[in-house]
Amino acid sequence: MIGCYDFCGHYEWTFGWFERVGGHALVRDYWNEAINHDSQRHARDLIRNGGIPGMLKYWGHTLAEESPSLGFNISHREDVFRIDFHDCPSRGFLLRNGLKNYGDYCDHCMGWTGPMLREAGYVIDHEHNHRGQCWWEMRPASATGGHAAPGSVAGDKDIRFNPAWPKDPAKLDRYTKANDPDDKMK
Amino acid sequence: MSNPAAPDLPYTDTKPQGSPDFYYGINATFRFMLQRLGMDGWRRYLEEMGRGYFAPVNRQWSQGGLTAVSRYWRAFFAAEPGAIVEVVEKPDRVEVRVHECPAIKHLRAGGREIVREYCQHCYFLGSARAEAAGLTMRLSGGSGSCCHTYARPDAGFALQDMAAIKEARS
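Heads up: the sequence lines are chains A and B, in that order.
FYI, numbering that gives the first Met the number 0 numbers position 152 of the first sequence as 151, with every residue one higher than the one before it.
FYI, numbering that gives the first Met the number 0 numbers position 123 of the second sequence as 122, with every residue one higher than the one before it.
One chain only, chain A, in its complex shape (with noise of 0.2 angstroms):
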């Protein structure tokens, strides 16, 4: 039986397989239609029809649920929903596995929220440093310009603050108002 205990150790092998059957369009379809479209569909149903309170409701009942310890901090407004991971516990589940069957696992959230949230109306700011550490903000469609300054949104609980969050931009991997997976400027 595949469990729900290692789902994310079975899930980054999974994509793996995927872009070694299909390429990269199969594992981009994957996160589409099988995660966001099925998989999470009460995820797109909240943030649909709610909006920013929807996205509240979801994201703080499921991260609640595969991070007990709070390796996260949830901010929000009126015109933005951020999250700052300080330990995120699907990367760090690998990360302390030593599990690597695919280039960048992190690619997988833009993966599927870029497309649900495209869908509901809104874009994405995101950096992630590949070591369980990242940040998300998610404005309506019609927000323009870069990334807010850090602590703008979240304050001190800012990931950017961090003393492990890299100081070289090379080291990060990053999202401008954006909802496709392949988006990412390096």
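Bear in mind the hints are in silico, worked out from the structure with no lab data behind them.
Yeah, the Cβ is synthetic: ideal placement off N, Cα and C, and Gly gets one too.
Each hint should be verified, as a subset may be incorrect.
[What the hints assert, rightly or not] Residues from chain A that keep clear of chain B, each with C-beta distances beyond 12 angstroms, as calculated:
1. 23
2. 33
3. 79
4. 95
5. 144
6. 152
7. 161
8. 170
9. 176
10. 184
[Claimed, not checked] So the derived list for chain B, only partly shown, Cβ under 8 angstroms to chain A, looks like this:
11. 16
12. 22
13. 23
14. 61
Please build the complex by placing chain B on the supplied structure of chain A, with the hints as guidance.
Same frame as chain A, now just chain B:
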């Protein structure tokens, strides 16, 4: 830090049990594969996962025999929320008697359409893992309760009867 309650699992987490909503992801993955790659593609995925991702477990079973098999399944189901399972070790086999499958239970509770072939994954995956460890595996039942049997080859089992694996009902 890994979970000290799960020393018999090859990959461990900091929390004692998984998040059951991940069963939605497993069910959706199977549906996507069956639609895109068909039964042969799905079976190939499970067999390759059994030999690849689960290689550390297969080595444990190969080295530790049926005792390692029973220890693994006890630890495995202890980490799956909602499972009601009895693991019985006999001289030539281990029977994993699943009285309440945690995946089927959670998918039903969440109102999800369960892939009707869902229960076959336990056979395709389990038999590939057993073979890698020099064992055989058979499965009967399904759709919420079933029995997995892992045995030494000298147990002399007949070939798996696929009709003995029930379709999963939502």
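These are the hints, each one checked on the structure:
no.: 1; hint: 23; result: holds, 15 angstroms
no.: 2; hint: 33; result: violated, 4 angstroms
no.: 3; hint: 79; result: holds, 25 angstroms
no.: 4; hint: 95; result: violated, 6 angstroms
no.: 5; hint: 144; result: holds, 34 angstroms
no.: 6; hint: 152; result: holds, 27 angstroms
no.: 7; hint: 161; result: holds, 19 angstroms
no.: 8; hint: 170; result: holds, 25 angstroms
no.: 9; hint: 176; result: holds, 28 angstroms
no.: 10; hint: 184; result: holds, 28 angstroms
no.: 11; hint: 16; result: holds, 6 angstroms
no.: 12; hint: 22; result: holds, 6 angstroms
no.: 13; hint: 23; result: holds, 4 angstroms
no.: 14; hint: 61; result: violated, 20 angstroms
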